[in-house]
Amino acid sequence: MKLRTTLALLAASAGLAAVPGSASAQSLKIALSSEPTSADPHYHKQTQNDAFSVHVYSSLIGRDADMKLVPALASSWKNLDDLTWEFKLRDDVKFSNGKPFTSEDVLFTICRTLNNETNVSQSYMDTTKRIADVQTPDAHTVIIKTAAPLPLLPAELARSLPIVWNGIVEHGKLTFNPKEGCGVTGP
901 MKLRTTLALL AASAGLAAVP GSASAQSLKI ALSSEPTSAD PHYHKQTQND
951 AFSVHVYSSL IGRDADMKLV PALASSWKNL DDLTWEFKLR DDVKFSNGKP
1001 FTSEDVLFTI CRTLNNETNV SQSYMDTTKR IADVQTPDAH TVIIKTAAPL
1051 PLLPAELARS LPIVWNGIVE HGKLTFNPKE GCGVTGP
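The sequence shown begins at 901 in this note's numbering and counts up one residue at a time.
Hint data in this document are derived by calculation from the structure and do not stem from the laboratory.
One thing to keep in mind: the hints can contain errors.
Computed list of lysine to aspartate or glutamate pairs in EDC-like fashion (alpha-carbon distance at most 16 Å, straight line) [said to hold, decoys possible]: (1) 1045 x 981; (2) 988 x 966; (3) 1045 x 1033; (4) 1045 x 1056; (5) 1045 x 986; (6) 1029 x 1056; (7) 968 x 1038; (8) 1045 x 964; (9) 994 x 1004; (10) 988 x 1026; (11) 978 x 1056.
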């Protein structure tokens, strides 16, 4: 009887953790060996920037305590063929400005890393330069085609490609064409 009561109390209290509380202003302090050179996650891949970025930005895929791949911004992913990956995106994510997270943000992020104005080596282009095409059939689906088979793409995307809101710079409709700025066409 005592075990049953204890289990019932544990089950009842477990639901409390999922109930949202009121938001309050809080500070987050992060110890770094040196100050970040930029808050822009794609500016330069340096240790102090990465250490800062991991606390502020999310990637499509993450890793758990055992280093296994786990969903982050992507709720699921699958290999459609040797060159094609499909990522289903979470529909419950918003940026800090309240804008919803969509497939356009993933497309923008990949294009931005391929056209990094800083032209710094190791600035996420190593992860994205083998991508041949990105399609966004709907707001919560991304299709990535690689130039050659890339079975480790999910592992490479795990915490290594911080996704940013596509509205950080003005642009029109995006298409994937790195040689033409990824098709950023605008007014």
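Verification of the hints:
1. 1045 x 981: 9 Å, holds
2. 988 x 966: Since the Cα atoms of residue 988 and residue 966 sit roughly 23 Å apart, the hinted pair is violated (cutoff 16 Å).
3. 1045 x 1033: Distance ~5 Å between residue 1045 and residue 1033 Cα, so the pair holds.
4. 1045 x 1056: Given pair residue 1045, residue 1056 holds - Cα atoms ~14 Å apart, limit 16 Å.
5. 1045 x 986: The hint holds at about 9 Å.
6. 1029 x 1056: 12 Å, holds
7. 968 x 1038: Violated, at about 28 Å.
8. 1045 x 964: 26 Å, violated
9. 994 x 1004: Status holds; Cα separation ~13 Å.
10. 988 x 1026: Violated. Residue 988 to residue 1026 sits at ~23 Å, over the 16 Å cutoff.
11. 978 x 1056: 14 Å, holds
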